[in-house]
Amino acid sequence: MFLAVLIALAISFLLILVRLINGKTTFDRILAANSIGTIIVLGISVHGFYMGRPEFIDISIVYALINFIGTVAVLKLFDKGTLGDK
Amino acid sequence: MLDISIEIISIISFVAGVFFILTGSIGLIRLPDVFSRIHAAGMIDTAGASFIILGMILQSGFSLITAKLVFIGIFIFFTSPITGHVTANLARKKGVNPVGKTKGKTL
Amino acid sequence: MIGEIIINAFLVTLMLTIAIFIINTRKVISTILLTGTYSLVAALMFVSLDAVDVAFTEASVGAGISTILFLAALSYLPKEEKEEKFNLKHIYAICTCTIVSGLLIWASYDLPLVGQLENPAHQHLAQDFIEGSRNHIGIPNVVTSILASYRGYDTFGETVVIYTAGIAVLVLLHDGVSKISKINKEKK
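Protein chains in written order, with the numbering used here: chain Y, 1 to 86; chain X, 1 to 107; chain U, 1 to 188.
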């Protein structure tokens, strides 16, 4: 059951990777990178259950936070041109 | 009896999550412009992720892992709409126009 | 077992594909995004190899901090890239690299041979760690169990030091940046 979910996640990862590689605008790429982050967060948790050791899903929490911060940082760079208060 | 029903509910929730994730990723490829693709990405982030996390919560029983999974679900559920909103806002600001009936009109 | 092999093979193939696309893309920002994705897949790979501490580091540093660092560096770059001709600076750099690498290779001849039983690294505690870690801690990965449990206090101290250093750097930089921007505004 977990293996089936993992395979589905892998397929959708590949589909989103197509969009990340030949996205038309940069916003498409950012959106695809964010979705890939979500897919990986789910993948790490489901992988933990599949291997029978679900204690290590703290990495998913870390990444769920960092994914959001990274995406907002990219968008801020696009908006203001810098990341600091120049 | 309770075990079997919990198992069935979790399988149903996994199937729903996988359905939403696959639909969202196909939409991310097929839909024509950024604004409609945000809709597809939101589908992956909220519906798909929530259903899969619900399935894992039902599988894990009641322990510390459940709390961690609930945290992940809450983070994803609340940060994804913010990301979508910021992306759409910035795309509009940078002059990306939606495709379709609204073409040529000012939003 | 077969599932594990399939997962690892899939992840390695994916990493290879993403690396090829990183080389092929021409836009810097899509390279940065693809690099973040690459680190993510690497983190998943580390999880599947039971190296959880490395996966933590990869997810936070590789995918998070370095992406933001690359972006901050990108914001200082000019819009157009100029092609640089070969000049004298490159010869200095090549000479320095050759001399330093030669010295390092020469120094490495004094090291004991890799993998020999009489090496000092294999004499003391390593045997206890390798034999006892599964019974003592219950994690198959020895490196993780040493870092997180045998040397737990050490790792904790490191974390405190790095956290303090990070806060100090933030305080220093923030003060300086705000002063500089004030001076610039007054100049304008």
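The set of hints was computed from the structure by calculation and includes no laboratory data.
Note that the coordinates shown come from a computational prediction; the quantities given were computed from them, not determined experimentally.
Where is the CB? At the ideal position from N, CA and C, for every residue including glycine.
A hint or two may mislead.
Below, simulated DSS-like cross-link-like pairs (lysine-lysine); rule was C-alpha separation at most 27 Å, straight line [unchecked claim]:
(1) K182(U) to K80(Y)
(2) K89(U) to K182(U)
(3) K27(U) to K24(Y)
(4) K80(Y) to K24(Y)
(5) K80(Y) to K27(U)
(6) K24(Y) to K82(U)
(7) K80(Y) to K68(X)
(8) K85(U) to K80(Y)
(9) K27(U) to K94(X)
(10) K27(U) to K76(Y)
(11) K94(X) to K24(Y)
(12) K27(U) to K93(X)
(13) K76(Y) to K24(Y)
(14) K27(U) to K82(U)
(15) K93(X) to K24(Y)
(16) K80(Y) to K82(U)
(17) K76(Y) to K185(U)
(18) K24(Y) to K68(X)
(19) K182(U) to K76(Y)
(20) K94(X) to K76(Y)
(21) K76(Y) to K93(X)
Footprint (simulated), chain X over chain Y, 3 or more residues, beta carbon under 8 Å [to be verified]:
(22) 29 to 36
(23) 44 to 53
(24) 68 to 77
Tell me the hint numbers this structure goes against, listed in increasing order.
Violated hints: 2, 7, 8 and 18; rest satisfied.
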